[in-house]
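Quick mapping for you: the protein sequence lines, in order, are chains A and B. Mapped onto our numbering, the consecutive letters of the first sequence carry residue numbers 58 to 345. Mapped onto our numbering, the consecutive letters of the second sequence carry residue numbers 373 to 787.
Take the hints with a grain of salt, since some may be wrong.
Negatives, chain A to chain B, calculated, CB over 12 Å [to be verified]: (1) K62; (2) F66; (3) I144; (4) A214; (5) S249; (6) L261; (7) K279; (8) V332; (9) Y337; (10) R341; (11) D343.
If you anchor each label on the Cβ, the simulated ranges turn out as follows [said to hold, decoys possible]: (12) B:D609 with A:Q334: 40 to 50 Å; (13) A:G184 with B:K538: 25 to 35 Å; (14) A:F111 with B:E600: 29 to 39 Å.
Below are the DSSO-like pairs computed for lysine-lysine, each with C-alpha atoms no more than 30 Å apart in a straight line [to be verified]: (15) A:K121 with B:K780; (16) B:K424 with B:K693; (17) B:K705 with B:K490; (18) A:K108 with B:K780; (19) B:K784 with A:K121; (20) A:K108 with B:K784; (21) B:K705 with B:K429; (22) B:K587 with A:K108.
Since the hints were derived computationally from the structure, they do not count as laboratory data. All of these numbers come straight from a predicted model, not from anything done at the bench. Where is the CB? At the ideal position from N, CA and C, for every residue including glycine.
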Amino acid sequence: MKVDKRLLFLLPALFLYIAFTMFPVMKGISLSLTEYAGVGEATFVGMDNYKEIFQDQRYLQVLKNTLVYGITVVIFQNGLGLIFAAILNSIPAVRDAIRTALLVPSMLSLVIAGYVWQFLYAPMGGGLNELLVSLGLGSWQRVWLGDSSIALFSVAAVHVWMFVGYSTAIFLAGYSGISSEVKDAARVDGVSPIKSFFYIDIPLLAPAITVNITLATIGTLKSFEFPFIMTAGGPDYATMTLGLRIFQLIFSEFKYGSAAALSVVMILLVALITVAQNSYLRSREDKI
Amino acid sequence: MELKNAVAGSLLATCMFSLSTQAATELEVSSWKGAGAEVANFPLIIERFEEKYPDIKVKLNYMARNDMVTSIPARMQAGNPPDVVMVDAEFILHWGGNGQLMPLNDQAYVSRVQPHLKRFLGLGDDIYYSMLQVSGMGVYVNDDLFRQAGVESYPNTIDELVGVCKAFNDKGIQPLLMAANNGGWTPYVYFLAMALADSDTPNPTRIDDFVSGEKKFADDQAMKNAFEGFRAMINADCFDPMVSAGTDPWSVALTTFQSGRVAMLPQGMWNITPFSNDQLPENFSLHPFPVINGSKPVVMDYNGPGWAIPKDSGQVEAAKKWIDFWMTDENLKEYLTADTSITTLQGGTSGVPSLAAPYEDARTAGQVVTFPVGSIPADLGAEMPHDITSFMLDPDQDYNAILARWDKLVEKELN
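Using the sequences provided together with the hints, build the complete structure.
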């Protein structure tokens with residue numbers, strides 16, 4: 058059998074891929090089958106760590122929180138991003154200046170943003186509640202991070218605030234790919250701006266929608282920073298996400314095996330959702 | 373010829389320099405204190421150490437505590453750890469428990485440590501570290517708001533606290549903030565202060581009985597009373613549970629207390645310095661926690677960090693000198709003054725100002741419990757703050773179910 062010598066050129070890349078991607082993943086999977094405190098010997102415990110994840114009510118709540126957080130952020134970040142992009146695209150004079158302004162929050166450090174929002178959300182004298190009072194909306198005041206029923210959404214709102222400009226920028230790039238002739242033809246035919254948005258813009262923005270939704274999904278399902286800084290998963294697990302729980306298992310509880318098992322679950326969850334989502338969005342693109 | 377002389381001279385100088393550097397021992401010390409926001413007089417102490425031991429050069433390797441969780445084990449596993457590492461009770465449990473730390477039982481400093489602290493220096497009979505400080509938790513009081521509400525004496529019990537809360541509420545002053553955001557730390561600390569103080573002179577090993585399974589949380593009246601204490605405080609509007617749950621104890625709670633919005637704030641002794649530096653609140657003091665199981669208030673000790681020697685340390689003798697040097701009153705007091713904390717040495721000098729006198733008096737009288745970090749299973753330590761916050765937000769729930777769950781977590785650990 059003759060081996061194509063050109064395949065030899067793949068070896069360096071293959072080596073790097075195995076060494077820095079496959080090996081750590083495999084190591085993580087093997088670690089997830091052990092009990093390990095970071096030093097000393099790891100004890101093989103089989104599937105015990107996985108059993109605990111799927112039997113413990115707390116972990117199930119963490120999975121639910123992560124999904125709710127992900128769905129909320131993906132919908133609002135992309136929905137608002139699309140609306141902002143549509144508005145900006147129709148006002149070219151201010152588009153470039155505003156586009157930069159919209160990106161400013163995403164340039165901030167996550168730690169600083171989380172810390173600042175913690176003060177804005179403060180129940181006693183916090184900026185948001187004080188603003189609501191000054192606008193005559195005192196009845197809308199809430200304990201944003203202390204009420205278990207809304208705390209997760211309060212944290213998600215900060216995520217949306219931070220990255221909505223990012224989504225807007227991607228949608229604006231998508232808009233630049235839409236031929237002005239199509240829009241002009243629609244206008245000549247008397248199509249209203251709303252109809253034009255739903256029947257022309259959205260279908261033609263399909264690639265941008267795919268990119269935005271995929272990036273936002275991956276980013277939020279792994280989300281750790283905002284829940285860590287703003288609530289540390291509280292009150293009473295209301296904002297505990299997979300990423301944060303993994304962090305706590307290692308840094309607070311020294312349970313490397315359990316953390317690895319939860320990481321494997323997270324990888325599978327992210328992969329499963331993004332593959333399903335992507336195949337749907339791609340097939341939608343193909344139809345268009 | 374001149375060139376030859378120059379080359380020979382340079383070679384000689386290089387050799388001498390190299391010999392002189394070889395003669396000096398470099399002691400690598402990894403610590404999460406000593407730089408950044410916690411300089412804690414390290415430069416002065418290091419300077420004194422290097423003066424006393426001119427053949428030892430200290431290389432302080434500052435890193436955040438969380439970074440130590442991952443980087444130090446990797447070096448320990450590779451057999452190349454720092455010569456000295458800063459540790460606390462959690463590290464002792466995991467690193468000491470896995471044989472990565474050198475026993476220090478025969479070191480001279482051990483005899484200088486206060487007797488009641490010795491059981492916290494290691495695991496079982498092995499001593500693994502030199503505890504540098506005891507910090508503590510109590511209740512900060514805004515003295516001006518107390519005067520404004522006409523409250524003349526600090527409450528010793530929850531019953532008295534309930535009366536004080538009424539006086540504050542009548543004046544429109546928020547009595548207390550049980551800041552529970554970011555991990556439920558404050559209610560956890562307050563609950564433990566009430567629950568572990570089973571009498572006016574609490575049994576210091578009480579928590580060990582629960583962890584060993586000898587006692588059950590669900591059968592313990594003092595634990596149940598602690599929940600009742602929370603209920604009484606909530607019913608008396610001592611604090612708003614939801615507002616407390618939404619307030620971060622490490623940032624927002626501090627500014628809320630400093631701005632005079634609340635009369636009492638359970639917090640750590642480490643805030644004395646920042647509060648004093650800001651002169652906000654203008655007049656404040658640190659007091660013990662009002663109790664439910666007795667008549668005298670208690671304080672909560674937080675056993676602080678200290679030095680340990682990894683078993684594969686390359687400079688054991690220098691490391692032992694470093695530890696011994698720190699554990700002398702002359703040097704330790706410099707650190708304690710900067711870090712506002714209590715000495716671990718017999719007859720040592722603490723770095724606590726007079727405004728914490730009520731706190732120190734209670735401690736001296738034995739009205740003290742110890743924060744159980746490192747002495748309870750990790751699962752239990754992680755769950756208790758969440759459960760207590762959950763109770764705080766829904767005080768009508770049956771606390772017996774919570775206590776039974778804690779017993780199950782202990783059982784799981786024992787199995």
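Hint by hint, here is what the structure shows:
Here K62 (chain A) stays apart from chain B, with its beta-carbon at least about 40 Å from theirs, past the 12 Å limit. Non-interface status of F66 (chain A) relative to chain B is upheld: no Cβ of that chain comes within 12 Å, the nearest being about 34 Å off. No beta-carbon of chain B is positioned within 12 Å of the beta-carbon of I144 (chain A); the least distance is around 34 Å. With a minimum CB-CB distance of about 14 Å to chain B, A214 (chain A) clears the 12 Å threshold, and the non-interface call stands.
The non-interface label for S249 (chain A) is consistent with chain B: the shortest C-beta to C-beta separation is roughly 44 Å, beyond 12 Å. Every C-beta of chain B lies more than 12 Å from that of L261 (chain A), the closest at about 44 Å, which supports listing it as non-interface. Every CB of chain B is more than 12 Å from the CB of K279 (chain A) (nearest about 18 Å), matching its label as outside the interface. For V332 (chain A), the condition that its CB be more than 12 Å from all CB atoms of chain B holds, with the nearest at approximately 31 Å.
With a cut of 12 Å on Cβ distances, Y337 (chain A) stays outside the contact zone with chain B, its closest approach being about 37 Å. The claim that R341 (chain A) lies off the interface holds: its Cβ sits roughly 41 Å from the closest Cβ of chain B, which is beyond the 12 Å cut-off. Consistency note on D343 (chain A): stated as away from chain B, and its beta-carbon is indeed over 12 Å from all of that chain's, at 45 Å minimum. Taking 40 to 50 Å as the suggested C-beta distance range, the pair D609 (chain B) and Q334 (chain A) conforms, at roughly 49 Å.
Roughly 31 Å separates the CB atoms of G184 (chain A) and K538 (chain B), a value that falls within the hinted 25 to 35 Å. Take F111 (chain A) and E600 (chain B): their Cβ atoms lie about 36 Å apart, and the range 29 to 39 Å holds. Taking the CA atoms of K121 (chain A) and K780 (chain B), the gap is near 24 Å; set against the 30 Å cutoff, the hint holds. For the suggested pair K424 (chain B) and K693 (chain B), the alpha carbons sit about 10 Å apart, so the restraint of at most 30 Å is met.
A C-alpha spacing of about 19 Å is found between K705 (chain B) and K490 (chain B), which places the hinted pair at or below 30 Å, so the restraint holds. Restraint check: the Cα-Cα separation between K108 (chain A) and K780 (chain B) comes to about 17 Å, which is no more than 30 Å; the hinted pair holds. Proximity of K784 (chain B) to K121 (chain A) is assessed by CA-CA distance (about 25 Å); at most 30 Å being required, the pair is judged to hold. Note on K108 (chain A) and K784 (chain B): the hinted pairing holds, with a Cα-Cα distance of about 14 Å set against a maximum of 30 Å.
Proximity of K705 (chain B) to K429 (chain B) is assessed by CA-CA distance (about 22 Å); at most 30 Å being required, the pair is judged to hold. Distance hint between K587 (chain B) and K108 (chain A) is fulfilled; the C-alpha atoms sit about 29 Å from each other, no more than 30 Å.
Checked against the numbered hints above, the structure breaks none of them.
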